[in-house]
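Asks: As a plain string of letters, each chain reads:
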Amino acid sequence: MKLATFRHGVHPPELKELTARSPIRRLPFPAEVVLPLRQHTGNPARPLVRPGDRVERGDKIAEADGWVSSPVHASATGTVTAIGLWPHPDGTYEPAIRIAVEPFSAQAARPRMVPDWHGLAPKQIVEAIRDAGVVGLGGAAFPTHVKLSPPDEQKVDVLVINGCECEPYLTTDHRSMVEYPERVHLGIRMIMHCLGVARGMIGIERNKPDAIAALSATLPSDLAVTVHPLTVKYPQGAEKMLIHALLGREVPSGKLPMHVGAVVHNVASAQTIGEVFDTGLPLIERIVTLTGHGVRRPSNLIVPVGTKIRDLIDACGGLTEDAREIVFGGPIMGVAQPDLDTPVVKGVTGVVVLTEADCKPLASYPCIKCGHCLDACPVFLNPQRLGALALAERYDEAAANHLADCMLCGCCGYVCPSNVPLPQLFKLAKTELKRRSAAA
Amino acid sequence: MTRPPFLVTAAPHLSSADSTPRIMWTVVGALAPIVVAATWFFGVSALLVILASAAGALGTERTLGRGGTLRDGSATITGVLLGLTLPAGLPMWMAFVGGAFAIGFGKLIFGGLGQNVFNPALLGRAFLQAAFPTPLTTWPVPGGSWWALRGDNFALPLMSARPLDAVTGATPLGLMKFEHQATDVVPLMVGSTGGSLGETAGLLILACGAYLAVRNYLNWRIPASILLTVAAFSEGLHLLGPARFAGPLFMLFSGGLMLGAVFMATDMVTSPVTQRGCWIFGIGIGILVVVIRVWGGLPEGVMYAILLMNALVPFINRATQPRVFGTRTAPASA
Chain R
1 MKLATFRHGV HPPELKELTA RSPIRRLPFP AEVVLPLRQH TGNPARPLVR
51 PGDRVERGDK IAEADGWVSS PVHASATGTV TAIGLWPHPD GTYEPAIRIA
101 VEPFSAQAAR PRMVPDWHGL APKQIVEAIR DAGVVGLGGA AFPTHVKLSP
151 PDEQKVDVLV INGCECEPYL TTDHRSMVEY PERVHLGIRM IMHCLGVARG
201 MIGIERNKPD AIAALSATLP SDLAVTVHPL TVKYPQGAEK MLIHALLGRE
251 VPSGKLPMHV GAVVHNVASA QTIGEVFDTG LPLIERIVTL TGHGVRRPSN
301 LIVPVGTKIR DLIDACGGLT EDAREIVFGG PIMGVAQPDL DTPVVKGVTG
351 VVVLTEADCK PLASYPCIKC GHCLDACPVF LNPQRLGALA LAERYDEAAA
401 NHLADCMLCG CCGYVCPSNV PLPQLFKLAK TELKRRSAAA
Chain D
1 MTRPPFLVTA APHLSSADST PRIMWTVVGA LAPIVVAATW FFGVSALLVI
51 LASAAGALGT ERTLGRGGTL RDGSATITGV LLGLTLPAGL PMWMAFVGGA
101 FAIGFGKLIF GGLGQNVFNP ALLGRAFLQA AFPTPLTTWP VPGGSWWALR
151 GDNFALPLMS ARPLDAVTGA TPLGLMKFEH QATDVVPLMV GSTGGSLGET
201 AGLLILACGA YLAVRNYLNW RIPASILLTV AAFSEGLHLL GPARFAGPLF
251 MLFSGGLMLG AVFMATDMVT SPVTQRGCWI FGIGIGILVV VIRVWGGLPE
301 GVMYAILLMN ALVPFINRAT QPRVFGTRTA PASA
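Sequence lines, in order, name chains R and D.
Counting from 1, one number per residue, gives the positions in the first sequence under our numbering.
Counting from 1, one number per residue, gives the positions in the second sequence under our numbering.
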């Protein structure tokens, strides 16, 4: 059978064997958790606590500021020691709430909401999900309740669940699907109920046969959901690529998936929603893959939100001698971290520790117009041309050449034999264009 | 944990193993069997000519190019390819001048690697053909002792070459054009006919090209469209007038078509970046090759066909921009 997929894309080494078979284990509570107020797309949350306050695991410590925002909850019982600037995973310093964890606390959390969701109206479920601080766990951390409330005039007919996990190394979603398939299905049920859609599709790259089997085996008979194995190709998990692969629909340039009647949620988000309704606890921990050849014992971990990288690494045997670069997210789109005190936030799918050998500086050559970037670009841009425009700082022309359609997936940079820093140039050009339009 | 500071670079943190030097040196490697075949057919003279043109190319790159560019391998390709388009009996100094011209005026004057409009090796050959028409069209016949020179390879610069002892003859295309005499196809495929060094072993060139295509170091659409166009066009002509026009197999395997289609037209720098553009580029070359061979004043037209299409590449690129995902049209201002 020919598997569904999208056109173009790249085939990086998968490198998932480091953790694909390791069961998820729980990280011991660290001595301190640091919870940034901005762990999502949108306005940062407003703190509800002050230094000196004692907080219990699961307490809401910061409230959402507006609709596109999300609350933050204490991920461990302890005392608020400070609210101030702290290294943030995006490379900046951001206001964060520091909690000194009580060393001998049982860390047993009280359920915060009525676990019985039967009979709740869609609006009430969306409210509960918002209140639980659920955001997209695939990396972008867009507040989930916003995606569950499409405008009335927008007809949505299908829910797409993204279980591709196409970035190399990461096995977070893979292990969640294998170990918590019922929660995934519960989450899907909730989401479908909120959206009022009759049909759900789970797309999974076929390099995860155990996940496909687990989800298929546990699929409730009254849930109109199908599981679809997909070709292993990066970026299969990009929203627009996944919709195209599963539904053959092309999301128009500059538009959202809902314009073609689809809503996409990450499988980890679905799993978390299932967990919220299963346990009654808000989003205070997440599954993270700590991996790469720079860490001694690569593992899949349940991590309290706000745990510092340092604590993750210490719990996994420490770094190897040749560890050189620490990346949040996958190695293709992830953000390198300079500081071991940076906390894991809701949107961090994995921590990849690269070694000296992985990070060898690559010599750059002039573009030889091989055209490989055009063959790789999943949105059919001409990165060669765009790169030349961005390098010459001709940003307006780059914008006219559809720079906005570039999702910074990095395929062009991955294939470029001359190592022209194409994604970096595009990021720069996008930032500069945004700055200009903000100034205007 | 006391450690040196961690590296912080922008994404992506993973890159494919391909590199420009690796592509270039792989192409050089794929040219090696053709060089060996050339020395098999034309003896030591073949080696001397190729070495001289390579020396001219590399020497120029080293003297006039920006530092360190010798290592990227592209000048080596130019030098060897140029050598393969020359006759075995050519004085070495001419081959050297050709190599120097190819790099100097074919590449460096445009700004070096990646910037040139025309295939440097072909530009070098076009220059030699204009400057030294007679030596460039004196074709030794393959065979004879390996150590026997096929011409006055050691002639001093600017001196007229001593008369040849070696047997020379017209190329199959020359025979066809001027004497309406066809050559059997099998010797053409194998390479035991008169012609320039690398023109002769058609099947070997195809095999080397196939290897590069599998490695994705060569866009197969270009040779495929060139060869299919030449075959279709010449088959049509052949059907109209079997006596006047040669058949497609003869057209495909004679002259520089194989070397040109597989190794010259596919030069990444001077061919289109879009897939559709590559088809158009190849079809254009194919048509021009047949037109020049059949109706032009020259027996061979591959060189001019490719150079002409090289000039059109920017326009082809502009006209074949891909349609952006989620839009109906390609960007207007590409």
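By construction, these hints were calculated from the structure, which means they are not laboratory data.
The model shown is predicted, which means the values in this text are computed figures rather than measured ones.
Glycine included, C-beta positions come from ideal geometry on N, C-alpha and C.
Accuracy of the hints is not assured; some may be wrong.
[Unchecked claim] Between beta-carbon pairs, the in silico distance windows are:
| hint | chain 1 | residue 1 | chain 2 | residue 2 | range |
| --- | --- | --- | --- | --- | --- |
| 1 | D | 5 | R | 364 | 55 to 63 angstroms |
| 2 | R | 157 | D | 319 | 35 to 43 angstroms |
| 3 | D | 5 | R | 119 | 22 to 30 angstroms |
| 4 | D | 71 | R | 66 | 33 to 41 angstroms |
| 5 | R | 154 | D | 10 | 29 to 37 angstroms |
[Claimed, not checked] So the derived list for chain D, only partly shown, Cβ under 10 angstroms to chain R, looks like this:
| hint | residue |
| --- | --- |
| 6 | 10 |
| 7 | 20 |
| 8 | 111 |
| 9 | 177 |
| 10 | 269 |
[Claimed, not checked] Coverage of chain R stretches by chain D, computed from C-beta distances (three or more under 8 angstroms per stretch; other residues unrestricted):
| hint | region |
| --- | --- |
| 11 | 192-205 |
| 12 | 326-332 |
| 13 | 354-367 |
| 14 | 408-416 |
Asks: Counting residues of the region 326-332 of chain R that have a beta-carbon nearer than 8 angstroms to any beta-carbon of chain D, does the count reach 3?
Replies: holds (count 4)
Asks: Against chain R, run the beta carbon of residue 10 of chain D and see if the smallest gap drops under 10 angstroms.
Replies: Because about 5 angstroms separates residue 10 of chain D from the closest Cβ in chain R, which is inside the 10 angstroms limit, the hint holds.
Asks: So the hint says 33 to 41 angstroms: do the beta-carbon atoms of residue 71 of chain D and residue 66 of chain R match that?
Replies: violated (57 angstroms)
Asks: Measuring from the C-beta of residue 269 of chain D to each C-beta in chain R, is the shortest one below 10 angstroms?
Replies: holds (5 angstroms)
Asks: Does residue 20 of chain D pass the interface check with chain R, least Cβ-Cβ distance below 10 angstroms?
Replies: holds (4 angstroms)
Asks: At least three residues with a C-beta closer than 8 angstroms to a C-beta of chain D: is that true for the region 408-416 of chain R?
Replies: holds (count 6)
Asks: Given residue 177 of chain D as an interface hint, is the shortest Cβ-Cβ distance to chain R below 10 angstroms?
Replies: Since chain R brings no Cβ nearer than about 35 angstroms to residue 177 of chain D, farther than 10 angstroms, the hint is violated.
Asks: A range of 35 to 43 angstroms was offered for this pair. Does it hold for the Cβ distance of residue 157 of chain R and residue 319 of chain D?
Replies: Given a distance of about 39 angstroms, which is inside 35 to 43 angstroms, the answer is holds.
Asks: Using the beta carbons of residue 154 of chain R and residue 10 of chain D, state whether their distance is inside 29 to 37 angstroms or not.
Replies: holds (35 angstroms)
Asks: Does residue 111 of chain D pass the interface check with chain R, least Cβ-Cβ distance below 10 angstroms?
Replies: Residue 111 of chain D check passes; min Cβ-Cβ to chain R is 8 angstroms, inside 10 angstroms.
Asks: State, for the Cβ atoms of residue 5 of chain D and residue 119 of chain R, whether the hinted interval 22 to 30 angstroms holds or is violated.
Replies: Between residue 5 of chain D and residue 119 of chain R, where Cβ atoms are some 56 angstroms apart, the hint is violated.
Asks: Has the region 192-205 of chain R got at least three residues whose CB is nearer than 8 angstroms to a CB belonging to chain D?
Replies: violated (count 0)
In this structure, the earlier hints numbered 1, 3, 4, 9 and 11 are contradicted, and the remaining ones agree with it.
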